[in-house]
Structures are given as C-alpha cells and as structure tokens.
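K.L.:
Below, each chain spelled out in residue letters.
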Amino acid sequence: MFSPTPNESMFDRISIRYKLIVLLGLSAALALFISSAFTIYSTYLSESRSSLRVLHQLTDVISENMRAALAFSDADSARAMLASLHADPHILLAVVSDDAGRILAEYRSTALDAGREQVFKQVLRRHAGEDAGAPHGAAGVEERIGDGFMGVLHPIFFEGKPIGSLAIVSDTQLLWAKIREFVLMQLASSLLTLGLLLFFSLKLQALFTQPIMGLVNAMQAVARTKNYRAALASDRRDEFRSLYDGFNAMLAEIRERDDRLSRLATTDALTGLANRRQAMEIMQAMVTRAQRKGEPLGVIMLDIDFFKQVNDRYGHPVGDRVLQEIALVLQASAREYDLVARLGGEEFLVLCESGTQEATVAVAERIRQGVECRRIEHRPGGFLSVTVSLGVYFAVPQPAEARIESMIKAADEALFQAKEAGRNRYVVASTERA
Amino acid sequence: MRGVCVRVIVWMACLLSLLNAPAALAGDEERKLEAVFIGRFASYVEWPDRPRERFVITLLDDNPFGKLLDDLYLDKRIHNKPIELRYATRLDQVGETDVLFITLSRAAARAEAIDYAQRNGILTISEIKGFAESGGVIQLDFVEQKARIKINHAAALRSGLRIGAPLLSIATVLRGERP
Numbered sequence: 057m058f059s060p061t062p063n064e065s066m067f068d069r070i071s072i073r074y075k076l077i078v079l080l081g082l083s084a085a086l087a088l089f090i091s092s093a094f095t096i097y098s099t100y101l102s103e104s105r106s107s108l109r110v111l112h113q114l115t116d117v118i119s120e121n122m123r124a125a126l127a128f129s130d131a132d133s134a135r136a137m138l139a140s141l142h143a144d145p146h147i148l149l150a151v152v153s154d155d156a157g158r159i160l161a162e163y164r165s166t167a168l169d170a171g172r173e174q175v176f177k178q179v180l181r182r183h184a185g186e187d188a189g190a191p192h193g194a195a196g197v198e199e200r201i202g203d204g205f206m207g208v209l210h211p212i213f214f215e216g217k218p219i220g221s222l223a224i225v226s227d228t229q230l231l232w233a234k235i236r237e238f239v240l241m242q243l244a245s246s247l248l249t250l251g252l253l254l255f256f257s258l259k260l261q262a263l264f265t266q267p268i269m270g271l272v273n274a275m276q277a278v279a280r281t282k283n284y285r286a287a288l289a290s291d292r293r294d295e296f297r298s299l300y301d302g303f304n305a306m307l308a309e310i311r312e313r314d315d316r317l318s319r320l321a322t323t324d325a326l327t328g329l330a331n332r333r334q335a336m337e338i339m340q341a342m343v344t345r346a347q348r349k350g351e352p353l354g355v356i357m358l359d360i361d362f363f364k365q366v367n368d369r370y371g372h373p374v375g376d377r378v379l380q381e382i383a384l385v386l387q388a389s390a391r392e393y394d395l396v397a398r399l400g401g402e403e404f405l406v407l408c409e410s411g412t413q414e415a416t417v418a419v420a421e422r423i424r425q426g427v428e429c430r431r432i433e434h435r436p437g438g439f440l441s442v443t444v445s446l447g448v449y450f451a452v453p454q455p456a457e458a459r460i461e462s463m464i465k466a467a468d469e470a471l472f473q474a475k476e477a478g479r480n481r482y483v484v485a486s487t488e489r490a
Numbered sequence: 031m032r033g034v035c036v037r038v039i040v041w042m043a044c045l046l047s048l049l050n051a052p053a054a055l056a057g058d059e060e061r062k063l064e065a066v067f068i069g070r071f072a073s074y075v076e077w078p079d080r081p082r083e084r085f086v087i088t089l090l091d092d093n094p095f096g097k098l099l100d101d102l103y104l105d106k107r108i109h110n111k112p113i114e115l116r117y118a119t120r121l122d123q124v125g126e127t128d129v130l131f132i133t134l135s136r137a138a139a140r141a142e143a144i145d146y147a148q149r150n151g152i153l154t155i156s157e158i159k160g161f162a163e164s165g166g167v168i169q170l171d172f173v174e175q176k177a178r179i180k181i182n183h184a185a186a187l188r189s190g191l192r193i194g195a196p197l198l199s200i201a202t203v204l205r206g207e208r209p
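Protein chains in written order, with my numbering: chain X, 57 to 490; chain Y, 31 to 209.
There's no promise every hint is true.
What the hints assert, rightly or not - Cross-link-like lysine to aspartate or glutamate pairs, in silico, EDC-like; alpha carbons within 16 Å at most: (1) 217/X to 105/Y; (2) 106/Y to 215/X; (3) 176/Y to 132/X; (4) 475/X to 361/X.
Keep in mind the hints are simulated off the structure, nothing from the lab.
Can you make the complete structure from the sequences, with help from the hints?
P.N.:
Listed below in structure tokens is the structure:
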C-alpha cells in the first residue's frame, strides 16, 4: 500500500510540469552563475594583465628615454619627460630615483591626494631599499595591483648596471570600468538566456508531462469505469514506452486474474462445465428469453447409473475420470447454444434453447447413446462403460416466481422414473406436472 | 702681542676652513660625478672604426681627479674594451686616444688641442667655460650641484663622431660653431 510521506514538502505537492520548470530554471541559473563567475574572474585577470602590460610598455618607453637624464643626473630633463604623463589622466604618480633611492624627478597628478602619495612613496622607498640590497642585475621589474591603484617599478640600467629606477602608479578606474561593463553585459546575457530557457522549458515540458498525464488520465479512467480491457497505445520508444507497456501488462494481469476468478466461481473444476450457481443464473436468463419469445425451453436432468459402484470398484480417480468423460459426451451431444452444467455428484443438467419436444428428446437420446457407447480407460488396456438415466421436460415458461425450480423438479421426477424403469433411458415428463 | 695675533690668525683660518667645508664637500661630489660622466659620455658616442684593443681616456694638463679615475675605471669596460687612462702634460704626449679631457687654462693651447682632436677623431671634454663654443665637443659644468652639458654637434661631426640622441636630448646643443 503506497501512501504519501507525512513530511512531504511543498515541492512534492506541485505538479510535475512546474517541478520541471523549476528544476530547469534552477539548473540553468546555477550553470549561468558558475559560468559567469568563472568568466568574470577570467576577464578580471586578463584585463588586469592587459592594464599592467600597458603600464609596462609606458614604463619601458620612458625608462629608455630616461636613461641619459638619470645617467647625467639631469633632473630638469627628467621632469620634462615625466611631465608628458599629464596627457594620461589615470597616471597618478611617476618617480625617477637614482641607485641610492634619491628622487631625481617626479610627476604627481592633481587627482592624487597627499595621503596616498605618501603611501605610494613609502612603498617605493621600501622597494628601493630591497633592491639596493640585491646584487647588481638581480633587481627586476616589479608590479603590483592594490586597492584602487596599480604600479610598475622599472629599474634603469646603464652599461649593464642599475643606475636608478622609474616607478609609475596609475589608478584602476579604466580596469574597473571595463569589468563593470563586462559584468553588466554578462548579467544581461545571463538574464536573456535564463528567460529563453524558461520560455523553452514551458514549451518543452509537454514532451515529458504529456505521456505522464496521459498515463494518469488512463489510470483514472480505468479506476472509474473498471474497464480493465482498456489498453494504452503509444508510439514512443523511450522510457515512457516501458511505462505504458508496464501499465498495459498490469491491466492484462488484472484481466487474467478476473477471468480466472470468474471461471473458478462459475465452472466446475473437475469437468469444466458450468456449476450449479452459474447454471441457475443462465437458466434464469434463458427462461426470461424464452418467455419473451414465447418459445419452449427443454430441461434434461441426467444421472450416471450405478456410479457409486464405479467409485467403489475402481476408486475415486476413475470416478472422476468417468465424470470428465460424461462431460465430454454432454458437450458433444448438446447443441452449440445449449447449456451443459454439473449440478453436483454424478448429476448433470442440460438446458436446450428453443427446446421443443423433438429437439430436447433428440439431445437426450444422443446423450444416452453417446454415454453408452463411450469406452472409458480405467487402466492401461482396461476399459469400462457406464450408462445414464435422463429426465426430460419441456415447456414454454410461464411468468411465475418458482418456474425454474418447478421445471427442474419436473425433469428430476422424470429422471426418477427413468431410474425406476430400469436406467439407461430417458423419460419425458408430463407438461401438466410443471 | 705677536702670539695673540698668531692665535687670532689660526682661529680665523679654522673658521674659514669650516665655512668652506660644505663647498669643498660639494666640490668633491661634483668631481666624482664628473669622473663618472666622462665614461657615460663615451657610451653615447660612436667613433669611426679603429682597430684598437683598449679604450683610451687621456687627461691633458692638470689632473683634478687625483686617483679618482683610476679607482673608478679599474677593470671597467667602455664599448666592450678595457679602459686605459693616460695623463699627459703636453699635446705631443697625447698620441692615439679616444677621449681627451682638457684642463688647459690657456686658450691658445686649448685651441691647438681641439684642432688635434678633430683631426684624429677624438672626443674632447672640458669643464672650462666657453669650451664648446670654441670648438670642443662636450662642455660639462656644474651649477648649484646640477650638471649642465653643452654639446657642439658640428664639432663632433667634424671629428667624425656620432652622438646619441638621448645624450643630445638632455644637453644644450650648439648646431653651429662661433668664429
């Protein structure tokens, strides 16, 4: 017995189509977020490198031009060269120092406040101190990106020896402007992609939900109509096909089980003939039909002669075999639309539709002869024969509550007479008795 | 009385020497820079091809550097050649040289030396005022401890020398020679 878990979440209560949309949306959002984060970080790295590369190029060019001025301690020329940096409003500070760390010339942007200037110069002095302690030629180009600034320290060599350095510090406004622009574009493209994905997921969710909803509807229809003979058709080739096949197989199993139960309830297990209850139900229907049509209904009651002796002599398995053989004879002798039933023990009933006297008597005689002639093998090479006595009654049924019972009773009395008359015969009951 | 006068004179001399001490210190610093600059000038100058194994710097007349040049250029190289320092008191002692640092005080002697240098493709350097105007190639002097470089470009070309643009860019360049 399946039942929903008591702690089911809200997600469990929403329909599959919305679950799909939510899952698709969340998956897409997560994928876009991770991809955007990596892309933005990668862009930040490449833009930082690019900005630093530009600063390196600027520093390289100025260092080359600055060499002579530094070599001859020409502060005026050095200042004149640095003054050209005002063309770039993002350059905050440029300092040319000799190999002892003494400043030869400097350029300071008006955008740079004194506090930050001191901070930058302290950093430069620290680097100059470190470089002074380094062996000749070991001092290389240094770069740094900090909070709102980036800087490059470029040593200047003369005849292979360091004679000073040039440091250029710029702000990071351009870098962050590019990053901001990229983030906005990334955000816009992510939102657009997410919107498109949601739109398509709305459209495409039917691919998944339609077969499921078809199955749900079919199950509800079966539950409502109890029509287990229904079958779901599907031309799909994916897992839904397996689901549909499974559902159809389950319906087929239910049908088979119902049929089996029905057979067990309506047939005699030994002979395969209709049992008493089934015989009574069918007889009621036949009586009703005969009444409606005004046609006669023939009733044949028959009993195996000396059946107890057969059981006593040959045993019950042979008795059962005899019953089965009699059933075969009855089915062979009766007409296609007649009913053959085992009422219990060795007693059988045959109902003949449109059973006129001639027709019913003909059936009874065919049965009698058929049984009489039947050789039943009770052991390999050993055969026995039995006979039956039959009571025949026919009449056009009249509307009366006890009509079925009275017709059977009349046939039964005729059977009794046949027994009394020496067995292996049929006796036709008087219609007046019924 | 005489002893008092001597003491006063001694004290005055001491005071004067103390007052002149910064200037003397500044002069030493400038002299060092001057010594360094001689080599650096050479780095920016190209000479006509000459099969010489050494780069020769010659001081003509007084040597204001003492042992400074020897200390500075010991085991150093210019244009990938080992440096040889020579000290000459007369022009006929100069011989083959690449740089001639002239301290001659007499204008006629300087002119003679300049003429010799131009004929022999020699870079002439001096700190004497008016040296560049009188045909010398590089004139170097210090004003308030700042180096001032004056280059007579025409004289350099006459000597067969090519002076690099970086050096020209920081120097006062004379394009024509005054008579």
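K.L.:
Run every hint past the structure and note whether it holds.
P.N.:
Going through the hints against the structure:
A hinted pair counts as satisfied when its Cα atoms are at most 16 Å apart, and residue 217/X with residue 105/Y qualifies at roughly 14 Å. Between the alpha carbons of residue 106/Y and residue 215/X the distance comes to roughly 10 Å, so the proposed pair stays at or under 16 Å and holds. Distance check on the hinted pair: residue 176/Y and residue 132/X sit about 9 Å apart at the alpha-carbon level, within 16 Å; holds. Using a Cα cut-off of 16 Å, the hinted pair residue 475/X and residue 361/X holds, with the two alpha carbons roughly 8 Å apart.
Hint compliance for this structure: every hint is met.
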